[in-house]
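Colleague: In case you want the letters, here they are:
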Amino acid sequence: DTGVSQDPRHKITKRGQNVTFRCDPISEHNRLYWYRQTLGQGPEFLTYFQNEAQLEKSRLLSDRFSAERPKGSFSTLEIQRTEQGDSAMYLCASSPGQGASYNEQFFGPGTRLTVL
Amino acid sequence: QKEVEQDPGPLSVPEGAIVSLNCTYSNSAFQYFMWYRQYSRKGPELLMYTYSSGNKEDGRFTAQVDKSSKYISLFIRDSQPSDSATYLCAMRAPRTGRRALTFGSGTRLQVQP
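Protein sequence lines, in the order shown, are assigned to chains V and Y.
Everything in the first sequence is counted per this note's numbering, starting at 88 for the first residue and increasing by one.
Everything in the second sequence is counted per this note's numbering, starting at 88 for the first residue and increasing by one.
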């Protein structure tokens with residue numbers, strides 16, 4: 088399977104704990120995005136990387152959230168001191184840097200986070 | 088008011104019907120328009136991508152963009168039960184360094200066999 092992969096697929100944690108999610112983009116896609124989706128809503132943008140550089144961050148990305156893409160390949164999203172309001176599906180997407188599809192974002196299956 | 092508005096449905100149609108899904112938007116800078124299909128508890132799957140105004144057809148799917156009315160549509164011909172899903176519109180303005188997509192809240196479609 089050469090699509091975007093995310094790990095874990097499900098995470099249940101207690102309020103106050105830290106969690107980390109991983110995203111592996113489509114091979115050779117140099118752009119990577121994180122979105123958050125709550126029930127009944129469309130995905131909301133969190134942040135965007137071009138290679139290892141974090142170029143865009145949403146105001147939704149509070150100081151408890153941090154994202155990295157250290158080698159320009161996979162990315163991690165960490166949430167510190169989780170709150171019940173963080174419960175959501177966290178989606179990763181990637182897109183190529185050039186070519187006919189460079190504006191198209193391809194999504195992974197998501198990580199569903201439940202904060203108890 | 089949200090930048091992108093989409094009727095949440097659910098929209099229920101019989102198998103074989105033509106389905107029309109729509110979004111309106113307020114930001115005239117949007118130039119790139121996409122439709123995604125999302126099955127329950129899965130990630131969105133890109134169906135159609137169009138740039139600026141006009142029509143685009145791919146199999147049973149046709150996407151239309153009317154920038155003068157700030158209105159986009161997705162038509163599904165010969166709808167199948169397997170088309171039952173939530174359909175999300177998404178759009179973006181061509182601003183350097185800005186890649187974030189703005190999504191509608193999705194329309195839930197049910198195709199009855």
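Some clues are possibly wrong.
When the alpha-carbon atoms are kept at most 25 Å apart in a straight line, the in silico DSS-like pairs for lysine-lysine are as follows [what the hints assert, rightly or not]: (1) V/144 with V/158; (2) V/101 with Y/129; (3) Y/157 with Y/89; (4) V/101 with V/158; (5) V/144 with Y/89; (6) Y/143 with V/98; (7) Y/143 with Y/157; (8) Y/89 with Y/154; (9) Y/154 with Y/143.
If you want the footprint, here are the derived chain Y segments under chain V, 3+ residues with CB under 8 Å [said to hold, decoys possible]: (10) 115-129; (11) 132-142; (12) 149-159; (13) 173-180.
Just so you know, these hints were derived from the structure itself, not from any lab.
For every residue, glycine included, the Cβ atom is placed at its ideal position computed from N, Cα and C.
Colleague: Sort out whether residue 89 of chain Y lies within 25 Å of residue 144 of chain V, counting only the CA atoms.
Modeller: holds (19 Å)
Colleague: For the pair we were handed, residue 101 of chain V and residue 158 of chain V, check the Cα-Cα distance against 25 Å.
Modeller: Violated. Residue 101 of chain V to residue 158 of chain V sits at ~31 Å, over the 25 Å cutoff.
Colleague: Against the 25 Å threshold, does the CA-CA distance of residue 101 of chain V and residue 129 of chain Y hold or violate the hint?
Modeller: Holds, at roughly 24 Å.
Colleague: Examine the segment 173-180 of chain Y: at least three residues should have C-beta closer than 8 Å to a C-beta of chain V.
Modeller: With 3 residues in contact (Cβ-Cβ under 8 Å with chain V), the coverage given for the segment 173-180 of chain Y holds.
Colleague: For the pair supplied as a hint, residue 144 of chain V and residue 158 of chain V, confirm whether the alpha-carbon distance does not exceed 25 Å.
Modeller: holds (19 Å)
Colleague: Between the segment 115-129 of chain Y and chain V, are there enough contacts, at least three residues with CB-CB distance under 8 Å, for the coverage claim to hold?
Modeller: holds (count 5)
Colleague: Closer than 8 Å, Cβ to Cβ, for at least three residues: run that test on the segment 132-142 of chain Y against chain V and report holds or violated.
Modeller: That given contact holds, which follows from 4 residues of the segment 132-142 of chain Y lying within Cβ reach (below 8 Å) of chain V.
Colleague: Does the alpha-carbon distance linking residue 154 of chain Y and residue 143 of chain Y stay inside the 25 Å limit?
Modeller: holds (14 Å)
Colleague: Need the status of pair residue 143 of chain Y, residue 98 of chain V: alpha-carbon distance at most 25 Å?
Modeller: violated (39 Å)
Colleague: Hint check: residue 157 of chain Y vs residue 89 of chain Y, CA-CA at most 25 Å. Holds or violated?
Modeller: holds (13 Å)
Colleague: Is it true that the CA of residue 143 of chain Y sits at most 25 Å from the CA of residue 157 of chain Y?
Modeller: holds (17 Å)
Colleague: Decide if the proposed pair is consistent with the structure: residue 89 of chain Y and residue 154 of chain Y, CA atoms, cutoff 25 Å inclusive.
Modeller: holds (17 Å)
Hint check: violations occur at hints 4, 6, 12; the rest are consistent with the structure.
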